[in-house]
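**Q** One letter stands for each residue in the lines below.
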Amino acid sequence: MADPRFFLTRGPFTAAEIADRCGAEVVGDGARPLTGVAPLEAAGPGDIAYFDRPRYRDALGASRAGAIAVHPRNRAAAPAGAVLLISESPYRVFATAGAMFHPPVAPTPGISPAAHIAPTARLGAGCAVAPGAVIEDRAELGARCSVAANAVIGAGVVVGDDTRIGAGATLSHCHVGARVSIYPGARIGQEGFGFVPDPKGFIKIPQVGCVLIEDDVEIGANTTVDRGSGHDTVIGAGTWIDNLCHVGHNVRIGRRCIMAGLSGISGSTVLGDYVVLGGKVGVAGHLTIGSRARVAGGSGVIRDVPQGATVGGYPAVPIRTWHRQTATLARAAQTAGLGDALTAGVGLPTEDQ
Amino acid sequence: MADPRFFLTRGPFTAAEIADRCGAEVVGDGARPLTGVAPLEAAGPGDIAYFDRPRYRDALGASRAGAIAVHPRNRAAAPAGAVLLISESPYRVFATAGAMFHPPVAPTPGISPAAHIAPTARLGAGCAVAPGAVIEDRAELGARCSVAANAVIGAGVVVGDDTRIGAGATLSHCHVGARVSIYPGARIGQEGFGFVPDPKGFIKIPQVGCVLIEDDVEIGANTTVDRGSGHDTVIGAGTWIDNLCHVGHNVRIGRRCIMAGLSGISGSTVLGDYVVLGGKVGVAGHLTIGSRARVAGGSGVIRDVPQGATVGGYPAVPIRTWHRQTATLARAAQTAGLGDALTAGVGLPTEDQ
Amino acid sequence: MADPRFFLTRGPFTAAEIADRCGAEVVGDGARPLTGVAPLEAAGPGDIAYFDRPRYRDALGASRAGAIAVHPRNRAAAPAGAVLLISESPYRVFATAGAMFHPPVAPTPGISPAAHIAPTARLGAGCAVAPGAVIEDRAELGARCSVAANAVIGAGVVVGDDTRIGAGATLSHCHVGARVSIYPGARIGQEGFGFVPDPKGFIKIPQVGCVLIEDDVEIGANTTVDRGSGHDTVIGAGTWIDNLCHVGHNVRIGRRCIMAGLSGISGSTVLGDYVVLGGKVGVAGHLTIGSRARVAGGSGVIRDVPQGATVGGYPAVPIRTWHRQTATLARAAQTAGLGDALTAGVGLPTEDQ
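Residue numbers (the working numbering), protein chains in the order written: chain G, 18 to 370; chain P, 18 to 370; chain S, 18 to 370.
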């Protein structure tokens, strides 16, 4: 199914070969040749699909997929014709198969003559630099890095091996590790939003820290990470940040955290490891969010969150408390008999936003 | 009033000519010559203005505009000197007049010698490509497209006729229709945020779908649309998306939807046609939002929304329920007598954000 | 501590010299030489640090900083070895010291041969234009402006003296004052989100206003400011806008306002002077927010806010009312005994966002 304009396709692979790669059990004809991955409702006899959400049960039953990865508890719901790959994590089977059929393609090494590279910049072996990319004075890139079209690597920036900088992204005042992906339009290392209010305006706090991005980090499209004022702003190894997120100055994020789209962390807040922020979460400044804490989408966090806690709401409270509050309010409103005289000003865009 | 540094001005046109173009009724001197559009309080005798919001009633009475578009019910409130263009939709009259005086100016066709166009790319007749724009291998643009300065059209991307790509925008892995406007800094087609958590980090789900943008779509400045993992991410014909929005992977948006600024839709959610999302709305993943559903600004949607429903709140509920809940809580708090001992930690930025 | 790859360092300065510059009182050896600024826990004997938040009291006691700026009420908590700089605003002392040690470095004047400057553009004396920057027809820049790599100054744009345009930022249809900082990736002057719904789609409202940015404004990374439809969109002198904010068309922001990250203001809303919006605030369209009003982070404002008021919540109400509501609901839920049967659908990203 993958569009050959954009994706390389390898294979075919048999169901057994795929199962073998990810430790799944095959039920049915393991020799069936497969040529690609597809969602349940779009898959044909040459595709492998997966099922792991009850809401797609109808799609499972109707699927024409040649092979389907399912959890042991769902094998009876699968259609008769499909080879099954039984696994505790059907999604992982699907991910493995996808990577077999469509291995990521590294950009072809080479420096475009239309790139602008300062004479004092240093590039490791095997880098790919696209047209319009700018690499400024004394910047240092490791081996096999790619810098996409119109990206900017600022003066003095250091980038590790095998790191990818997306189109139009800009980096300054930062040290970036190995195997990092910076997505298109991300902004790394600009001055933080630090100031002292003053009758005559604002006195800017010099932002003389850097951004330190450890290995294996992903920074989403149009996400911004400001440099520190004294501390560095730190993104720990293996952390993944989605699109349109904001990481304020001096923030320190631990290892293997997740930050979903449109979330923001205000200055000087510290996150432990394995923290999960849902989408559109706001975290106030100077807080501590403990390791393995989880914050529900849309929440506003204004107090420290203990290690391992799950919180939600605005302001955020323990998740069960939030659900109890939501239910309490719903019940109170049902019995309050206030009628419907309350519908003004809901903020819907109509004309002329 | 339009600044001649930036806008072309045609005309003058008489009040009758304008009324004729949009089916309005003229009250007063239809032969009055008009030279431009302006808001009520800034308009002079040569301008046409419009009135359709009660909060601007004082501005209406005091306006020196030569002509004013008003709803029939508001004609008595208009100042004596103005020619009136009576219409059920005064704003539409204003829009029509604006387009008469200031017709959009297409970029002058021509390929800048400072653009970087791969030899294998194909451009239709009459395209305008600005300095610094990059068009990569095998990309195909239709007729009369414009690619603004420093925009990037990735390898293999297909773009229809009369489509405009804004400055600094980047496209990859996508098929774009005709008459589409991609605003500056928009990011289309990068990898979605798809992964399987794993003790050793995250296993990336190969993102081997595309983005499919149908005809007449608008994608706002710095908005991001991720490509699908298996499905394509789809933006239906005539849909308008504002600035700084995020559309996650595999999302399918129907026709003629509206998505206001800073809103986000998580992966695999499906919207019908004519759906309206207010500003700063978050929609969780794997949901279905029915056609003509409306979501109030700031809401967090975590359940399916039926066709035609209007919802609001966090978590979002039917809009009347939300208003009732808000009123119930307000009343309960008024009578609770908790005093003022509750003012800590409101998350205002003071010093050192 | 400032990384010499990125920052210039001046000095050393004595504690007395720093105190003298910002009117602090020295307690201890004013002749002690200092070489830089650092946070309390990282500072060594050559650094000056500051203390002004109770949560960092332990760090104060344990600090090895050579000098510490403290409020008079906290002098007893400071460690014995440190020279103290006593001030009502320790953070301002720190800011002053930072600017002494690390004065901002203006880009070296000069026009890169890899910049693309239209023959009809005019640049003042001493401008610095980086590779890949595009300056279009009839644009006019004042003296000593800097235009970073791959930024775009659109046709006709006017920019005052000493203004800095960040990497990858794009400007069109705007007049920009002196000493303004536009951060990387900001989008200024594109068309606003204005339309009339119509059975056949949307009728676009011609956006024939500009953006007017007064002196001393800061516009954060990837922030968007749309041009007006009739009015100009105005950002008043000395206002600071953080990253990833959206300012809609026709919005008028007064002088010395603060707008923290991920906030948005819908079309035609007017803010007075000294208004403060916390992070992730949404303000609906066509509202008036009075001078010195303050809006707590995460709030959704759907009604006018009077001068000097502080509001919070969604929808926003006076801040004390919001706190009372929050407390009332918390208490009601505690006594409601609804148990824990309420934990579905919290919108946390798990797999496949």
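No wet-lab data here; the hints were simulated from the structure.
Any given hint could be a false lead.
Chain copies aren't distinguished; within one or between two, either way the pair holds.
[Stated by the list, open to error] Below, simulated DMTMM-like cross-link-like pairs (lysine to aspartate or glutamate); rule was C-alpha separation at most 20 Å, straight line:
no., residue 1, residue 2
1, K217, E58
2, K221, D75
3, K217, D290
4, K221, D46
5, K221, D321
6, K217, D179
7, K221, D69
8, K217, D46
9, K221, E105
10, K221, E231
11, K217, D20
12, K217, E34
13, K217, E157
14, K221, E58
15, K217, D154
16, K217, E42
17, K217, D75
18, K217, D232
19, K217, E231
20, K217, D321
**Q** Now tell me if each hint is right for this structure.
**A** Now for the hints, and whether the structure bears them out:
1. In this assembly of identical chains, the alpha carbons of K217 and E58 never lie at most 20 Å apart, being 63 Å within a copy and 32 Å across copies at closest.
2. Taking identical chains as interchangeable, the C-alpha atoms of K221 and D75 are never at most 20 Å apart, the minima being 59 Å within one chain and 27 Å between chains.
3. Within a single copy, K217 and D290 get their C-alpha atoms only as close as 42 Å, which misses the 20 Å cut-off; across copies the closest is 13 Å, which meets it.
4. Proximity of K221 and D46 under a CA criterion of 20 Å is satisfied in neither setting, with 68 Å inside one chain copy and 28 Å between copies.
5. For the homomeric pair K221 and D321, neither the shortest alpha-carbon distance inside one copy (27 Å) nor that between copies (31 Å) is at most 20 Å.
6. In this homomeric assembly, K217 and D179 come within 20 Å of each other (Cα to Cα) only across copies, at 19 Å, whereas the closest approach inside a single copy is 48 Å.
7. Only between protomers do K221 and D69 lie at most 20 Å apart by alpha-carbon distance; the minimum there is 17 Å, versus 51 Å within a single protomer.
8. Neither within a single protomer nor between protomers do K217 and D46 lie at most 20 Å apart by alpha-carbon distance, with minima of 77 Å and 32 Å respectively.
9. In this homomeric assembly, K221 and E105 come within 20 Å of each other (Cα to Cα) only across copies, at 17 Å, whereas the closest approach inside a single copy is 54 Å.
10. Within a single copy, K221 and E231 get their C-alpha atoms only as close as 28 Å, which misses the 20 Å cut-off; across copies the closest is 18 Å, which meets it.
11. In this assembly of identical chains, the alpha carbons of K217 and D20 never lie at most 20 Å apart, being 58 Å within a copy and 31 Å across copies at closest.
12. Taking the closest pair of Cα atoms, K217 and E34 never come within 20 Å of each other, the shortest separation being 70 Å inside a single copy and 23 Å across copies.
13. In this assembly of identical chains, the alpha carbons of K217 and E157 never lie at most 20 Å apart, being 41 Å within a copy and 29 Å across copies at closest.
14. Taking CA atoms no more than 20 Å apart as the test, K221 paired with E58 passes in neither setting, with 56 Å inside one copy and 22 Å between copies.
15. In this homomeric assembly, K217 and D154 never come within 20 Å of each other (Cα to Cα): the closest approach is 36 Å inside a single copy and 37 Å across copies.
16. In this homomeric assembly, K217 and E42 never come within 20 Å of each other (Cα to Cα): the closest approach is 71 Å inside a single copy and 22 Å across copies.
17. In this assembly of identical chains, K217 and D75 lie within 20 Å of each other by CA distance neither inside one copy nor across copies; the values are 65 Å within and 34 Å between.
18. In this assembly of identical chains, K217 and D232 lie within 20 Å of each other by CA distance solely across copies; the values are 13 Å between and 43 Å within a copy.
19. With identical chains, the CA atoms of K217 and E231 are at most 20 Å apart between copies only, with a shortest distance of 15 Å across copies and 40 Å within one.
20. In this assembly of identical chains, the alpha carbons of K217 and D321 never lie at most 20 Å apart, being 34 Å within a copy and 27 Å across copies at closest.
Checked against the numbered hints given earlier, this structure breaks hints 1, 2, 4, 5, 8, 11, 12, 13, 14, 15, 16, 17 and 20; the rest are met.
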